[in-house]
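With chain A fixed as given, assemble chains B and C onto it according to the hints.
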Amino acid sequence: MKQDQVISVSRRDLLRLLGSGGVASLAGWPAISALAQGRKDTLVIGIDTSDSTEFDPVRDLHYTPPMTVSACYDCLVTMTPGDYINLKPGLATSWARTPDGQGWRFTLRDNVKFASGNPMTAHDVKFSLDRVRYIQFQSSQYLTNVTSVNVVDDRTVDIMLKNPNEPLLTILAAPSFVVTDRKVVAEHGGDASPDSKQKDKGTEWLNQNSAGTGPYRLTQWVRNSQIQLVANPNYWGGKPAFQRIVIRHFEDGSAQLLSLRRGDIDAAFNLLPEQVTSLKSDSNVWIARHISLDFVYLALSHSPELNKALANKSARQAIGWAIDYDGIRDGLLGGSATRPANFIPVGSLGSSEDTTKEIGFRQDLDRAKKALAQAGLPDGFEFEVIYGNSMVAGTSYHVIAQKVQADLARVGIKMKLNPMPQVNVRTLYNGGKMQSVITYWNPPAVENALWGWATVQRVAKRLNWKPTETLVKLVDQASMEQDQKKQAELWRQYQIAMVDEANLLVLFQPIYQVGVRKSIKDFPLTAAGWQADLRGVRPA
Amino acid sequence: MTESVAVSDAVQVAAAEYNIAPSSTKGQRWRRRYGLAAIGAAIIVIWMLVAVFAPWIAPYKPDLVDVTQRLLPPSSLHWLGTDALGRDVLSRLLYGARVSLFVSIIVVLLGAAFGIFVGGVAAYAGGWVEHGLMRFTDLVLCFPPIILAMAIAAALGIGTVNTMIAMLVVWWPKFARLARGLVLVQRHQEYVEAAHVIGYGPGRVLWKHIMPNALGPLIVLITLDVGHAIIVFAGLSFLGLGVVPPTPEWGAMVSEGRELVEQWWCATFAGLAIFTVVMGFNFLGDGIRDWLDPRARRR
Amino acid sequence: MLRYVSNRLLTAFGLALFATLVVFLITSLVPGDPIIAMLGDLAASKPEIVAEYRAKWGLDLPLWKQYWIFLTRLFHGDLGMSISTQRPVLADIMQYAPATIELGTIAFVLSIVIGIPFGIVAAIKRDSWVDHCARFVSLIGVSSPVFWLAFIALTVFYGWLQIAPGPGRLDPIDFPPPTVTGSFLIDSLVAGDWETFKAALYHLVLPSLVLCAATLGLITRMTRASMLETLGQDYVRVARAKGLKERAVIVGHALPNALIPVITLAGLAYANLLTGTVMTETIFSWPGLGRYTFRSALSLDLPAIMGMTLIFAIVYLIINLLVDLSYALVDPRVLKR
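Protein chains in written order, with this note's numbering: chain A, 1 to 540; chain B, 1001 to 1299; chain C, 2001 to 2337.
In isolation and in its complexed conformation, chain A is listed as follows (with noise of 0.2 Å):
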């Protein structure tokens, strides 16, 4: 790789760097030579970023702009890579509860500058806080039981709940919760007074710039084109790795994977399995793996008016007996997927393969003919099931859907593939009208109690299905459970629950695959829901 450090800088190469006008945006910057360094300097990802209306926190961030929000900002707590039950310090050094016990009261770092150079305050905090909550968006459902953010001293900031036993730490590390600069904010429009959401008009000016305390800040943002972050000088983290990331917008795999393997990119997030394997006897790349908290599942209706034998259990679990998940795990992906027993991910609290191989479902073909005994259908029923034409983790829905389909076959069970655009799945669904789907799930923080309400408030509502009492408490008694050990069991009866009920029965839990050129020594992954750690990715 000695080639890529001595590069004599041509016009083009650095008008690539810069960028068309670069010359004149850098004024103020060191001397252009310290940037004849070259391509080495600058981190080239290609992923697909059709998905990204918006980058301002507060907004919905779908699935890609979390990336960049997380390398720009910084949340009070945070979690590293491999590890979602325990939180490691952000911006808060240290937390506990509040002396009335109805908050937590967090001590802010010291000497945090944001890239504006104004210094982090437990102000800055509340501003932050409260303008997520007033704004009234998806974010703020998540803070529906903290009553008031209030600012103690320049370094103590407390929050105040309503319940102060359900959860609140592990949404707090979630992108949506950032801490933004205040000053900056409300002088492009931000508002975070309690009439935000008809007066807040930062957003646009977010969407192009970032106003944090991470180590990179964002410059630019072109549509399905291309996002560019530059390093931020004042990071409170010591020096960023790169001068500059570029997050280049490709539409398909294959192209991302030439573009890999010419060197062009340093990062490609959305090959396919096959491609995968065949970058695997090129020298030049590596594959970083690691495994997501999202999965891919099929939802079953117990409404009688929709599908007679969908409504009687054991017909269910005589779906949940006969789908061949190994064969979707292993022909489908590559073997780069994992499965929970239910509702909550593999590493997770209380949930990981051994748990699956105890409590959950796998393909066992007599089974599940003698649940289509007991339910009175031995001969099969018919079923109908939506789905979005797109694609998912590497392959597509119709691809799985028409795997599942013949899987059920064998069994008698026939189910009718019934694809439609997304919007109209996702109408569908959260109306509750249709008899099955297959659909896709990611946590908007990793929090147990997040799936857990999910699964028997909204989603059972849309399955027309009424969980019973006990299940209901003891979603909740988990939920508040202090203590880890006790939250485990409780969790873990939850999934035996659940497994019985099979209204929802989870296919696979993909496995991140990024190609990654030996340029790059460190590419860290994360499932806590922003999918690479760009702070940590370092050059060989």
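It should be emphasised that the hints constitute simulated quantities derived from the structure, not laboratory data.
Predicted, not measured: the structure shown is a model, and the values here were computed from it.
Heads up, some of the hints might be wrong.
[Unchecked claim] Covered, in the sense of this in silico footprint (three residues per stretch, anywhere, with C-beta under 8 Å from a C-beta of chain C), are these stretches of chain A:
{"id": "1", "stretch": "51-62"}
{"id": "2", "stretch": "134-147"}
{"id": "3", "stretch": "247-255"}
{"id": "4", "stretch": "258-267"}
{"id": "5", "stretch": "352-362"}
[Stated by the list, open to error] Estimated spans, in silico, between C-beta atoms of each pair:
{"id": "6", "chain 1": "A", "residue 1": "352", "chain 2": "C", "residue 2": "2047", "range": "55 to 65 Å"}
{"id": "7", "chain 1": "A", "residue 1": "136", "chain 2": "C", "residue 2": "2113", "range": "56 to 66 Å"}
{"id": "8", "chain 1": "B", "residue 1": "1159", "chain 2": "C", "residue 2": "2071", "range": "32 to 42 Å"}
{"id": "9", "chain 1": "B", "residue 1": "1057", "chain 2": "A", "residue 2": "40", "range": "55 to 65 Å"}
{"id": "10", "chain 1": "B", "residue 1": "1079", "chain 2": "C", "residue 2": "2160", "range": "55 to 65 Å"}
{"id": "11", "chain 1": "A", "residue 1": "305", "chain 2": "C", "residue 2": "2072", "range": "34 to 44 Å"}
{"id": "12", "chain 1": "A", "residue 1": "119", "chain 2": "C", "residue 2": "2021", "range": "49 to 59 Å"}
Glycine included, every Cβ here is placed at the ideal spot set by N, Cα and C.
The following block gives chains B and C in isolation, referenced to the frame of chain A:
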């Protein structure tokens, strides 16, 4: 360069004019002119036979899923390889002919019938009837077909029948326009006037007298259009509309294989099938046009 | 003449509006709700929030009122806000239109520049190998489905031979030139950036060749047929009899008349090229209007769908008008109808 192997003076003059050596025998001339058309007809017949006899010819069932056999290259077991779900590409190709041929022939015939009716009536009636019908035709023509197809698919669901409806809605205008032009030309001819004088009603004149004379170019367009309809339907399936999976269909097969550059067989053969069928219809259509063209017959 | 033109323009606009009405009605039948897709899962499950955002986007009003709002906005030059991109539809269109226009125009120019001479030579040297070659090539162009051709082109020239650049308008690490027209070719020349010009040109090669295949075939055949017909006319024989050189006969007498139907066909072909780029843009990741239309239709983004319907219809109708006008220039009797 003009060698006088002339059969008649006319040919000699023509040869002199066009600077080309005329052909020697009638058979050779026939082959040169209609050879391609014959090949086209043969291709179409072969594919029609394939479509009809697919269940007997195909080596495997087209929806036999076996993920342990996925993405295998062409071999003696699977002549054209297997796709992402382990299904035999050749079998899916053969069954795919059924959908493509069926859909396109129906759409074109129905569209032509309706279009010719509209165009013929418009031309014959004239006046504001013609004006109104032609503006209506314009309206449908200016409609972006993709949006219409997707709107119908989103409202009614995807599926072969719904896609055919979407295609039919936008298919008939070109026939209306052509029919109108042709009937207009005929309408002012003397024999039509004569028929009026005799007392034939407009329907009879239109149907028994004008149409046969105008039919030639219409038949050419219909033949050529079947190929076009196959491509459009495959395109809609490629975009995710069209057939319901797992129905084998050529456009859907190309779509499924699109990303798989290393496993090229998934997408290539299906596209090749579309290509050959459409070529067949184009050859045939060209041949019919040549046959109908009086000036070309001179040679 | 002026009355004719203004009549047609008014009719065109009226037809385009009617097209939007039809699209509006059809999409209102669709079971999907774009607001639910826009909100996150938790927010979407709360009816109050959904109702609030539906009201914000005006989707809770009765159908006729929604359409009325669309019309009133339209007459202020506002096409509404796109639900999926969260910005004005007009801004979206302005961003994506140059890419499509650039691609469609290059494809059109290619088909004219290659197709017409090819067709002329094929007609002059009828039944020679050039003729057969022309007929064959044009048949291939017309018979190949665009999406398949694009796949083959990408696989062979980009995937295997690696002589063509990848999908997209520029390489992954290139940056676009400062926007003047939106066309990368023009803008990079204006900025004096030769490298970007070359990169943009290389990236245009495959998609425009693929896109022009069908049109090329059509124009070649039409030119050939028209030329043949013209060459058989009496005045051509007269010209020859007068003793004019063959070349003068062809260029001076036959060609101008032969090209008339070709020009009308070419006009329609250009309209079709501009409005039919969906497949090519999808496969080559070309950020143009075709792909935008497709995406908007997929996500039921009603304002965007209506905006695109309007644009497509108007483009199509105006080009039709220009074509008909060229008819009128040749044959004034057309105007009397």
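Tested hints:
1. For the stretch 51-62 of chain A, the stated coverage by chain C is satisfied: 3 residues place a CB nearer than 8 Å to a CB of that chain, which reaches the threshold of 3.
2. Counting residues of the stretch 134-147 of chain A whose C-beta lies closer than 8 Å to any C-beta of chain C gives 6; at least three are required, and the coverage claim holds.
3. For a cut-off of 8 Å, the count of residues in the stretch 247-255 of chain A with a CB near a CB of chain C stands at 6, and the three-residue condition holds.
4. Only residues whose beta carbon comes within less than 8 Å of a beta carbon in chain C count, and the stretch 258-267 of chain A has 4; three or more means the coverage holds.
5. Here the stretch 352-362 of chain A counts 0 residues with a CB under 8 Å from a CB of chain C, which misses the bar of 3, and the coverage is violated.
6. Checked against the hint of 55 to 65 Å, the C-beta distance between residue 352 of chain A and residue 2047 of chain C comes to roughly 37 Å, which is inconsistent with it.
7. Here the CB-CB span from residue 136 of chain A to residue 2113 of chain C is close to 58 Å, well matched to the stated 56 to 66 Å.
8. A C-beta distance of roughly 34 Å is found between residue 1159 of chain B and residue 2071 of chain C, which places it inside the suggested range of 32 to 42 Å.
9. Checked against the hint of 55 to 65 Å, the C-beta distance between residue 1057 of chain B and residue 40 of chain A comes to roughly 59 Å, which is consistent with it.
10. A C-beta distance of roughly 22 Å is found between residue 1079 of chain B and residue 2160 of chain C, which places it outside the suggested range of 55 to 65 Å.
11. For the hinted restraint 34 to 44 Å between residue 305 of chain A and residue 2072 of chain C, the CB-CB distance of approximately 43 Å keeps it satisfied.
12. At about 58 Å, the beta-carbon gap between residue 119 of chain A and residue 2021 of chain C stays in the expected band of 49 to 59 Å.
Hints 5, 6 and 10 from the list above are not met by this structure, while the remaining hints are.
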